[in-house]
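K.L.:
Guided by the hints, dock chain B onto chain A, whose structure is given.
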Amino acid sequence: MDKTVSTMTEKSPGASGQHGGFLARLAKEFVRLPGIGQKTAQRLAFHMMKAEKEEALRLADAIRDVKERVTFCTECRNIAEESLCEICLSPKRDRTKILVVEEPSTLYAIEQSKAFHGLYHVLFGALSPLDGVGPSDIRAHELEDRVKSGEVKEVVIATNPTIEGEATAIYLTKLLKPHGVSVSRIAYGIPVGMDIEYADEVTLLKSIEGRRELT
Amino acid sequence: MPLYKTKAIVLKSQRWGEADRIVTLYSENVGKVRGIARGARRMKSRFGSALEPFRLIDVTLFEKNAESLASVSQADITESFGILRENLALMTAAARMVNVIQALTPDRDPNPDIFQALIDGLSSLESESDSELCALLFQIHILGHTGFRPQIDHCAECGTYTGMVKVTFSPQSGGIICGSCRDRTFDRGFSISPGSLAFIQQARRLPFHKVTRLRAAGQVRQEVEQTIDAYVRVVAGKALPAVNFTITEKLSS
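Line by line, the protein sequences give chains A and B. Just so we're aligned: 191 in numbering that gives the first Met the number 0 is position 192 of the first sequence, and the numbers increase by one with no gaps anywhere. Just so we're aligned: 163 in numbering that gives the first Met the number 0 is position 164 of the second sequence, and the numbers increase by one with no gaps anywhere.
For reference, chain A alone in the conformation it holds in the complex (with noise of 0.2 Å):
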């Protein structure tokens, strides 16, 4: 749906100019984010101009470093500056574990929560039995070669519990096991905090099945 700033013309304050002013311009350009509609376009346009040079200029100098410096890691394509990530060049993490993830946004989700130190393999992708996607529009071939180096030994696979996710994990595991690594899945379950009998049959059923034992 295309989106577009229509109320803030050439006569608004501070929008004189060409190409419908440079306010309009900025309105214009904020509008086509995610989540931003037109009020909300023209309000930050307006704060931009309202802010502090330095404070604005910040901004456009952040967006056009991660335009220009920031690249993906060659090992595990995670978001990266140089060309291994600051993951894969730390000596703390543990080399013989790699959890897989479909999309660099879910690897963050998982380091923010501080629960896996190892290393990560982001797929940019999933199969899809539904829409045609295969091994090869994937990166799980790159995946195999890292396994075959031999210096890993588990593999966990986070991809989504959806049909997507799923079908990649099964794959995954078909490829994996022949060499000799230990493949996992993240549980399925209850989220924390959520009353259970909220929960679908699926995800009561999934939970019931992976349970275990207290200590």
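Be a bit skeptical, because a hint or two may be false.
Straight-line C-alpha distance at most 25 Å; calculated SDA-like pairs for lysine to any residue [as the list claims (entries may be wrong)]: (1) A/K173 to B/S128; (2) B/K43 to A/K173; (3) B/K11 to A/G192; (4) A/K205 to B/K43; (5) B/K43 to A/I35; (6) B/K11 to A/G188.
If you're looking for bench data, these hints aren't it; they were derived computationally from the structure.
P.N.:
What follows is chain B alone, placed relative to chain A:
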């Protein structure tokens, strides 16, 4: 019909926006319909896993008018078909079934026979050992229900009775064609044996719960697969995507 409740099978579920999903359903009362489920991807979404493909659900939809995208208000699982998510071959066969429904059925045109056939088709995958054959039989069956039944006893071009002899099947013509029509139209088509024609005829005639008793192997299986795939591609106007996945899976195993 602003608010209505119906049984439906989830054909497709796509990510939309921050945390929403757009789902394509084949419903008992409305036929194929698309709806937006707001917040469906959030951890504590009230939809849980009800909007995952292949689920049979009780769904409540709200829509302002027939042209607008419906809003999914509530969805509860009636049958999860959970085993279809635990095996790549079953998942691929189920994907072939829902993709053929997606490609061949018009929006908002309810057909109780198609709805029941889809439930029977997904159920058959849970019990039958040959999932690829189930998907093939399902495709033949659905072609009949959607008005694209292939013509296999008369020439699809001139109507001449050909009988069950070795003839040419032309996907573009919608069935078998006689020798003179083949020469006239320069349509090479596929050569198809009487055994394969008889198999398609049986699959077309029997109700789906009986059709899964049919068995095909060797040349007949290969011919029927090739013929139906090519015909579905012509009718749908595109190749159905699940086929690619089947090939890659075969290569990997």
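K.L.:
Could you run down the list of hints and mark each one as holding or not?
P.N.:
Hint check:
Note on A/K173 and B/S128: the hinted pairing holds, with a Cα-Cα distance of about 20 Å set against a maximum of 25 Å. For the suggested pair B/K43 and A/K173, the alpha carbons sit about 32 Å apart, so the restraint of at most 25 Å is broken. Under the criterion of a C-alpha separation no larger than 25 Å, the hint pairing B/K11 with A/G192 is inconsistent with the structure, at around 30 Å. With a C-alpha separation of about 16 Å, the suggested pairing of A/K205 with B/K43 holds against the 25 Å cut-off.
Taken as a hint, the B/K43 and A/I35 pair is honoured in the structure, with Cα atoms around 24 Å apart against an allowance of 25 Å. Annotation: proposed proximity of B/K11 to A/G188 holds, straight-line Cα distance about 23 Å (limit 25 Å).
In summary, the structure is inconsistent with hints 2, 3 from the numbered list given earlier, while agreeing with the others.
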